[in-house]
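These protein sequences, in sequence, are chains A and B.
Per the numbering used here, residue 1 is the first one in the first sequence, and the count goes up by one each step.
Per the numbering used here, residue 1 is the first one in the second sequence, and the count goes up by one each step.
Be aware that a few hints might be false.
Said to hold, decoys possible - Beta-carbon label-pair distances, calculated as ranges:
#1 B/Glu-309 <-> A/Gly-191: 53 to 63 Å
#2 A/Ser-96 <-> B/Gly-117: 18 to 28 Å
#3 B/Pro-56 <-> A/Thr-24: 38 to 48 Å
Said to hold, decoys possible - With the Cβ distance kept under 10 Å, some of the chain B side facing chain A (calculated, not the full set):
#4 Leu-130
#5 Trp-208
#6 Thr-240
#7 Ser-243
What the hints assert, rightly or not - Covered by chain A, according to a simulated footprint, are these stretches of chain B (three or more residues, beta-carbon under 8 Å):
#8 106–115
#9 302–310
Just so you know, the hints here were simulated from the structure itself, not pulled from any lab data.
The beta carbon of each residue, even a glycine, is placed where N, CA and C say it ideally should be.
Protein chains: 2
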Amino acid sequence: MRIDELPTPALLVERALLESNLDTMSAALPGTRLRPHVKAHKCSALARRQRANGHPGFTCATIRECEVMAGAGLGEDLLLANEVLDMRRLGALVRSGARVTVAVDSPETVAAAVAGGVRQVLVDVNVGLLRCGCPPQKAGDLADEARRAGLEVRGVMGYEGHLMLVADPADRARKTAEAMALLVSAAADVGGEVISAGGTGTYADNTWATEIQAGSYALMDTAYGAIGHPFGQALSVLGTVVSVAATHAVVDVGLKALGMDHGLPTIADARVRFCSDEHTTFVPETPARVGDRIRVLPAHVDPTVVLHERMHVVDGAEVVETWEVDMRGW
Amino acid sequence: MRIDELPTPALLVERALLESNLDTMSAALPGTRLRPHVKAHKCSALARRQRANGHPGFTCATIRECEVMAGAGLGEDLLLANEVLDMRRLGALVRSGARVTVAVDSPETVAAAVAGGVRQVLVDVNVGLLRCGCPPQKAGDLADEARRAGLEVRGVMGYEGHLMLVADPADRARKTAEAMALLVSAAADVGGEVISAGGTGTYADNTWATEIQAGSYALMDTAYGAIGHPFGQALSVLGTVVSVAATHAVVDVGLKALGMDHGLPTIADARVRFCSDEHTTFVPETPARVGDRIRVLPAHVDPTVVLHERMHVVDGAEVVETWEVDMRGW
């Protein structure tokens, strides 16, 4: 199929950029040094490409992601890097043969792992992001409590998410070092072999983690693209110009096709004015025509992908593969 | 089922508020005076309730919405109030017995209607929103062109979307009158019986339109809720508190479960700090506990609904119905 034949809006992935992004990251962080985060693409077909690049373990953000990954034969070493309180569905995955490790940061989540039948945990440590994770100085006690409850504590995780978009490289490196000093200290108290942390923003700075939980690098977005990493923006949303006025033009890609939490999307050679449910109004540098097909670049890849049922891998004018976005929902 | 048993995040609809919202609007705009917009809820079960309240015609924003509505037996009078260029799927609906009217604002969209097999159109007129619609003074010519091409021109539409959230009632009424003066003038040039316009924000101000395209009134959101209409916020997202720290708490409702284009969600008796993919970090007035179930109120209902597979209609502690969000995608 040709790109011109796709109904719009349609999620496009440039094959060459995707392959380059995957290979660049795999060269920097080979094998188990990278635990790709599937929340960024929610696509088991793309995860299979990451597995083929040598990464057996994956990071998940939801139980659904774990289920789909295991169902796709990619359940060799799944980390649910979030706290959950009802782990029965995860326990069922463990009994079916998947390896599932879950983050715990409280007595309640330790008890939930035991009750749900999950046997392996990481102690989630707060390294500065105002979100989950126990205080570093309490990590050892929580690990003891988990072991007393019969769980295997594989180590620690601590996500320095507040540093991902720090643009200045020296500033980012210094702050990453400070955050990881907290995690390394907690790891000494906790024991185990795993120190899981990091993301696309800090993948090159974070030399303390034994594994990096990067996800956005595969598809990328304009927010990450602005801070100078060696990954290209592979993802875009194809739209059709449906209306042209003297002052502006309108493309059929709106806020129901775009993650909006990082702001407006970008259109080449145009100024984006605003997004409506099914439209983006923009001012092109050269006149647009009704029927033109253009690409809209989302500011944030993760919440864009979840709005689409499938992504089309393209090469030039051709659609070479179509992948289901099969990990949506919870 | 009890609400306590629902996995989270889960979309909840308060039955009493929904019923009150539907009845209040139906009393204000009975029968064909209201053409409910399904984009706000994307749920054919909810549309069926609106039909039962006496409204035979519906407004749609996508071809998929038209298809699902027709498939649900609600295709008596569907208006696709957006421009589209490939109308073959709409033509198939017409041949299957649905009545489909589509907006046109250019020679290209008139030609698309003819090519796709859609026989009835409204001329879409720009009444001040920087989006679709032909200039008012060109509407008559476009209607002539459509009739020469064999189409039935039922009238005009013109959406004053830029006025929906004007908070001052007098200011909103005055601006609505100005916008509708443009539409009424165009209607005189175009002919036909339909003047379709309006929304939840202007439903009471817009006395010029023959039918109002309101959608948000059924479920509501905090943005509309702030401007004083007689509709209650029926929609919320149920979450579980998964982590509690000295400074904040975290609920498992994040930006993949919330439309974010109108900003952060609201939590009663708490200050919301920020949203991550699967979390909202908040500061509660009284200490939260891990396992607490709380409701998160989205700032914008339409892009929230599309992130969920289903909505649960609740009454007290009970889930009384579960409705599929069956009009997602395109």
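Hint check:
Between B/Glu-309 and A/Gly-191 the CB atoms are about 41 Å apart, so this pair departs from the stated range of 53 to 63 Å. Against the hinted window of 18 to 28 Å, the Cβ-Cβ separation of A/Ser-96 and B/Gly-117 comes to about 49 Å, which falls outside the hint. At about 57 Å, the CB distance of B/Pro-56 to A/Thr-24 disagrees with the hint of 38 to 48 Å. Satisfaction of the interface hint for B/Leu-130 is found here, the shortest Cβ-Cβ separation to chain A being roughly 5 Å, below the 10 Å cut-off.
Proximity of B/Trp-208 to chain A is violated relative to the hint, the smallest CB-CB distance being about 22 Å (cut-off 10 Å). Contact between B/Thr-240 and chain A, as hinted, is supported at the beta carbon level, the nearest pair being about 6 Å apart and thus within 10 Å. Interface restraint check for B/Ser-243: the shortest CB-CB distance to chain A comes to about 4 Å, inside 10 Å, so the restraint holds. Residues of the region 106–115 of chain B lying with their CB closer than 8 Å to a CB of chain A number 3, which satisfies the three-residue condition for coverage.
Given as covered by chain A, the region 302–310 of chain B passes the check, having 6 residues with a CB less than 8 Å from a CB of that chain where 3 are the minimum.
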